[in-house]
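**Q** Here's the letter readout for the chains.
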Amino acid sequence: MSNTPSTLFDKVWDAHVVRKIEDGPDVFFIDRHFIHEVTSPVAFLGLQTRGVDVMSPERTFATADHNTPTINQHLPVADPLSANQLNQLETNSAKYGISHWGLNNPKNGIVHVVGPENGITLPGMTIVCGDSHTSTHGAFGAIAFGIGTSEVEMVLSSQCIMQPKPKKMRISVNGKLGRGVTPKDVALYIISKMSTSGATGYFVEYAGDVFENMSMEGRMTVCNMSIEMGARGGMIAPDETTFNYINGREKAPKGEAWEKALAYWKTLKTDPEASFDLEYTFDAADIEPMITYGTNPGMGIGISKHIPLSGEVEGGKSSYEKSLNYMGFHEDEEMIGKKVDYVFVGSCTNGRIEDFRAFASIIKGRKKADNVTAWIVPGSHVVEQQIKEEGILDILHEAGFQLRQPGCSACLAMNDDKVPAGKYAVSTSNRNFEGRQGPNSRTLLASPLVAAAAAVTGVVTDPRELMEEELEVSGTY
Amino acid sequence: MAYDKFTILRSSAVPLPIENVDTDQIIPARFLKATERKEFGDNLFRDWRYNQDGTPKEDFILNNPVYSGRILVGGKNFGSGSSREHAAWAIYDYGFRCVVSSFFADIFKGNSLNIGVLPVQISGEFLDKIFTAIEADPKTELEVNLPEQTITILATGESESFDINGYKKHNMLNGFDDIDYLQAMKDEVKAFAASSMY
Ligand code: SF4
Numbered sequence: 001m002s003n004t005p006s007t008l009f010d011k012v013w014d015a016h017v018v019r020k021i022e023d024g025p026d027v028f029f030i031d032r033h034f035i036h037e038v039t040s041p042v043a044f045l046g047l048q049t050r051g052v053d054v055m056s057p058e059r060t061f062a063t064a065d066h067n068t069p070t071i072n073q074h075l076p077v078a079d080p081l082s083a084n085q086l087n088q089l090e091t092n093s094a095k096y097g098i099s100h101w102g103l104n105n106p107k108n109g110i111v112h113v114v115g116p117e118n119g120i121t122l123p124g125m126t127i128v129c130g131d132s133h134t135s136t137h138g139a140f141g142a143i144a145f146g147i148g149t150s151e152v153e154m155v156l157s158s159q160c161i162m163q164p165k166p167k168k169m170r171i172s173v174n175g176k177l178g179r180g181v182t183p184k185d186v187a188l189y190i191i192s193k194m195s196t197s198g199a200t201g202y203f204v205e206y207a208g209d210v211f212e213n214m215s216m217e218g219r220m221t222v223c224n225m226s227i228e229m230g231a232r233g234g235m236i237a238p239d240e241t242t243f244n245y246i247n248g249r250e251k252a253p254k255g256e257a258w259e260k261a262l263a264y265w266k267t268l269k270t271d272p273e274a275s276f277d278l279e280y281t282f283d284a285a286d287i288e289p290m291i292t293y294g295t296n297p298g299m300g301i302g303i304s305k306h307i308p309l310s311g312e313v314e315g316g317k318s319s320y321e322k323s324l325n326y327m328g329f330h331e332d333e334e335m336i337g338k339k340v341d342y343v344f345v346g347s348c349t350n351g352r353i354e355d356f357r358a359f360a361s362i363i364k365g366r367k368k369a370d371n372v373t374a375w376i377v378p379g380s381h382v383v384e385q386q387i388k389e390e391g392i393l394d395i396l397h398e399a400g401f402q403l404r405q406p407g408c409s410a411c412l413a414m415n416d417d418k419v420p421a422g423k424y425a426v427s428t429s430n431r432n433f434e435g436r437q438g439p440n441s442r443t444l445l446a447s448p449l450v451a452a453a454a455a456v457t458g459v460v461t462d463p464r465e466l467m468e469e470e471l472e473v474s475g476t477y
Numbered sequence: 001m002a003y004d005k006f007t008i009l010r011s012s013a014v015p016l017p018i019e020n021v022d023t024d025q026i027i028p029a030r031f032l033k034a035t036e037r038k039e040f041g042d043n044l045f046r047d048w049r050y051n052q053d054g055t056p057k058e059d060f061i062l063n064n065p066v067y068s069g070r071i072l073v074g075g076k077n078f079g080s081g082s083s084r085e086h087a088a089w090a091i092y093d094y095g096f097r098c099v100v101s102s103f104f105a106d107i108f109k110g111n112s113l114n115i116g117v118l119p120v121q122i123s124g125e126f127l128d129k130i131f132t133a134i135e136a137d138p139k140t141e142l143e144v145n146l147p148e149q150t151i152t153i154l155a156t157g158e159s160e161s162f163d164i165n166g167y168k169k170h171n172m173l174n175g176f177d178d179i180d181y182l183q184a185m186k187d188e189v190k191a192f193a194a195s196s197m198y
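Each protein sequence line maps, in turn, to chains H and S.
Quick note on the working numbering: the first sequence kicks off at 1 and runs consecutively.
Quick note on the working numbering: the second sequence kicks off at 1 and runs consecutively.
In case anyone wonders, no lab produced these hints; they're calculated from the structure.
A hint or two may mislead.
What the hints assert, rightly or not - Here are the simulated BS3-like cross-link-like pairs (lysine-lysine), alpha carbons at most 27 Å apart as the crow flies:
| hint | chain 1 | residue 1 | chain 2 | residue 2 |
| --- | --- | --- | --- | --- |
| 1 | H | Lys305 | H | Lys339 |
| 2 | H | Lys165 | S | Lys186 |
| 3 | S | Lys190 | H | Lys20 |
| 4 | H | Lys260 | S | Lys190 |
| 5 | S | Lys139 | H | Lys165 |
| 6 | H | Lys95 | S | Lys190 |
| 7 | S | Lys139 | S | Lys57 |
| 8 | H | Lys20 | H | Lys167 |
| 9 | H | Lys418 | H | Lys338 |
| 10 | H | Lys266 | H | Lys176 |
| 11 | H | Lys20 | S | Lys57 |
| 12 | H | Lys254 | S | Lys169 |
| 13 | H | Lys322 | S | Lys76 |
| 14 | S | Lys76 | H | Lys317 |
Bound conformation, chain H alone:
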């Protein structure tokens, strides 16, 4: 290794370049490949057509999540198309010797939740999956990003993809987060400042004390949303918090291997003199609980604010008006008090145990609003189990909520969990595109605390009004 100062991203990237192609992409080696039922079938078909094998089945992990039902998972899947995809994942995995966590397997869950949970995701790795929120794994100091189906086929057949090296961006957030401000709010705030294309072409490193003080769950939430500002991915240097999270997990290194890995992982940070192509710095004190009002994740505001005037936003006026029109909102309106029909808590953004703890902290001792339909969906069976063990399930039941079974659910509404046309959903997921949660559905992205406040009041509500004074649920959760 040379002595020129380099960034965390450089260190991990450069260690995985098999070959550099002149005026072309790098041949980039992949340590871990996650697959799921939706983006893998055509890739397997491609292998078959070409007559090639899976090169490293032991580096590949399959889980069913995108179109699985979230109730009665013990019954056969009713939708024949979904059932077919799930079957194909199972048979393809069996055929090529790939580990497969299908429905009802105790390890099953959303791909970006189960990877870290089982110690498959480790610092310094390169990780890909045919799902753009693969960026989640960057929370461990890995380079992780989403790929298309052609690339899934490349990784299956050669454990490599062809990638030009992205540019480097650092986003620092310093200071202390306010009451009720969670990692999701930090992510939505950054995206609202950057816009949905502000980081296109870049790989982001998150730095500053806000992230240093954040739990692994919180870091995963932030890295997860990197793609929503166009970035290929985001990463955070591994530290004691990371190592403590990983230590003891099933597939994490043990004994001597652990010591060796740890020594390497401690070198994975940006050198003080290293430079980035672009840097942004934000102040934690400026962030309040966030909510989106439009049809892309960059259209977010502090919950106490008014919807911006079209003259204040970047980009085309007609696109902005189209978006507000779709949402049934107007410029300069207040978000507080808007009626809510659905609440969704879950997804790879906010489907981990801390998210349900946060949700429970507000609904405890209250009742679900009558006008709200709530889908409370854990990210994995492990999370589901924790919810039960920690007594959160009792709190949910007392307040009139049901817990569903794990899966992507209303995050992309491929299963039956669809928000009806015209209805408003406060959702802890990551995308509020037109129709994302069902044809003509309207999505307001927010944190689990904002979702909880909406679920018990039936309208958009500032969660800080419902939080007990002494309860410090914030950035570190």
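Since the structure of chain H is provided, determine the placement of chain S with the ligand on it from the hints.
**A** Showing chain S with the ligand alone in chain H's frame:
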């Protein structure tokens, strides 16, 4: 999957002057349940193109017979959102070979190049010129010249160049894909893998 070679494309174009066209609009998630690459073109822009009862929405551009061609011209930040390659498939299967915009989302751009749809990124000013020209005459022809890396409005001769890396250009010109390349260097990859710590 192999695709047809791309050299010079002369065609009229379909304008979609909307910013941030995301992959959920290009192909909604509920159409991702296929296990083969078939019929995605039918569901391209499904919810903008059809009412819920399946009847076409008359005011949507693809339903307007005045506009046709093998080039789709979109507003800034085209293809943001998910990694679904199905979005690029839908565009290809519908009959487009080229998407023109002033800015593309990364994953969409990569997916398009992998399956034979050429993303042509041009300046905002030139994009406006193209929209204006098509508005004035829906039959306006564009020429996308990959060897020269130029795009031209044929009626006026106005032209701009675009970027593409040499490797991808070579693939597009010859209809090659990356998997062929990677298969040929398997031993090198195996040696690399053997020294990896994970
Ligand atoms: S929860 Fe949503 S974003 Fe996450 S993997 Fe599933 S579909 Fe993708």
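**Q** Now tell me, hint by hint, if it's right for this structure.
**A** Here is what the structure says about each hint:
A C-alpha spacing of about 16 Å is found between Lys305(H) and Lys339(H), which places the hinted pair at or below 27 Å, so the restraint holds. Taken as a hint, the Lys165(H) and Lys186(S) pair is honoured in the structure, with Cα atoms around 21 Å apart against an allowance of 27 Å. A hinted pair counts as satisfied when its Cα atoms are at most 27 Å apart, and Lys190(S) with Lys20(H) qualifies at roughly 16 Å. Of the supplied pair hints, the one linking Lys260(H) and Lys190(S) holds, its CA atoms being roughly 23 Å apart against a limit of 27 Å.
The straight-line distance between the Cα atoms of Lys139(S) and Lys165(H) is roughly 40 Å, outside the 27 Å bound, and the hint therefore fails. Distance check on the hinted pair: Lys95(H) and Lys190(S) sit about 22 Å apart at the alpha-carbon level, within 27 Å; holds. Between Lys139(S) and Lys57(S), the direct Cα distance comes to roughly 22 Å. Compliance with the 27 Å bound is thereby established for this hinted pair. At most 27 Å may separate the alpha-carbon atoms for a hinted pair to count; Lys20(H) and Lys167(H) meet this at roughly 16 Å.
Distance restraint check for Lys418(H) and Lys338(H): the Cα-Cα separation of roughly 20 Å lies within the 27 Å cut-off, and the hinted pair is therefore satisfied. As the CA atoms of Lys266(H) and Lys176(H) are separated by approximately 26 Å, the hinted pair is consistent with the 27 Å bound. As the CA atoms of Lys20(H) and Lys57(S) are separated by approximately 48 Å, the hinted pair breaks the 27 Å bound. Between Lys254(H) and Lys169(S) the CA atoms are separated by roughly 46 Å; this puts the pair beyond 27 Å, and the hint is violated.
With a CA separation close to 15 Å, the supplied pair Lys322(H) and Lys76(S) stays within the 27 Å bound. Proposed proximity of Lys76(S) and Lys317(H) is supported: the alpha carbons are some 13 Å apart, at most 27 Å.
Going through the hint list in order, the structure does not satisfy hints 5, 11 and 12.
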